[in-house]
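One letter stands for each residue in the lines below.
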Amino acid sequence: DAKTTQPTSMDCAEGRAANLPCNHSTISGNEYVYWYRQIHSQGPQYIIHGLKNNETNEMASLIITEDRKSSTLILPHATLRDTAVYYCIVRVGAGGTSYGKLTFGQGTILTVHP
Amino acid sequence: SAVISQKPSRDICQRGTSLTIQCQVDSQVTMMFWYRQQPGQSLTLIATANQGSEATYESGFVIDKFPISRPNLTFSTLTVSNMSPEDSSIYLCSVYRDGYTFGSGTRLTVV
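Chains as they are written, first to last, in this note's numbering: chain A, 1113 to 1226; chain B, 681 to 791.
Hints were generated in silico from the structure; no laboratory data involved.
Small disclaimer: the values here were computed from a predicted structure and weren't measured.
From the three backbone atoms N, C-alpha and C, an ideal C-beta is built for every residue, glycine too.
Heads up, a few of these hints could be off.
With a cut-off of at most 27 Å between alpha-carbon atoms, the simulated DSSO-like pairs for lysine-lysine come out as follows [said to hold, decoys possible]:
| id | chain 1 | residue 1 | chain 2 | residue 2 |
| --- | --- | --- | --- | --- |
| 1 | A | K1213 | B | K745 |
| 2 | B | K687 | B | K745 |
| 3 | A | K1164 | A | K1115 |
| 4 | B | K687 | A | K1213 |
| 5 | A | K1181 | A | K1115 |
| 6 | A | K1213 | A | K1115 |
If you want the ones that stay clear, here's a sample from chain B, every Cβ over 10 Å from chain A, calculated [unchecked claim]:
| id | residue |
| --- | --- |
| 7 | P688 |
| 8 | Q702 |
| 9 | S768 |
A few chain A residues that face chain B, going by a derived Cβ cut-off under 10 Å, partial list only [stated by the list, open to error]:
| id | residue |
| --- | --- |
| 10 | P1156 |
| 11 | T1215 |
| 12 | F1216 |
| 13 | G1219 |
Only chain A is shown next, with the shape it has when bound in the complex (with noise of 0.2 Å):
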């Protein structure tokens, strides 16, 4: 599975969009790019993922460049309780017999203020 960069923190006024970069100048063809965010002491939970073209779902929106080797997550109007981890995968789409372990990295840890 491709490699991703994130920025280590970022901050975000509440009400504000926030928007989280990821690098993956590596990715593969047939590689999706999934977000995770992780909140204190919970397990990851799943926000969005996309192929090529741009995703939006009632938490986020997911824009990817023109050449996938990278990619936006938008909060749209970020609250206090988006406060969190969050982890931006590469790998090879899920379903079927096709899916298998995520590797995370690092993540951005995102600080939400009043």
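Using the hints provided, position chain B relative to the given structure of chain A.
Coordinates of chain B only, in the frame set by chain A:
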């Protein structure tokens, strides 16, 4: 997605003893994954458990230290054997079913 019940949620154990962590899933899954998260660190995969076969361990983890059972498609256990303070971590199980789901973790402190 699947719902995972992981027990115990936390424990304090004496060095040299063993602790068995249970992971129960609300639906049948092929693979179950066990992770360790040391204090202040990210998650590291310990092993992948398939029903009916021996678990596959990642580099740096061995069966004698972390024996795993997978008796059926909804249940697995991880044992942390002969514990030392360095084993103090959060241990998490995970499954894939319409996405990866994680248990709430077991916070282990070895004294």
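Starting from the hint list further up, note which numbers the structure goes against and sort them upward. none
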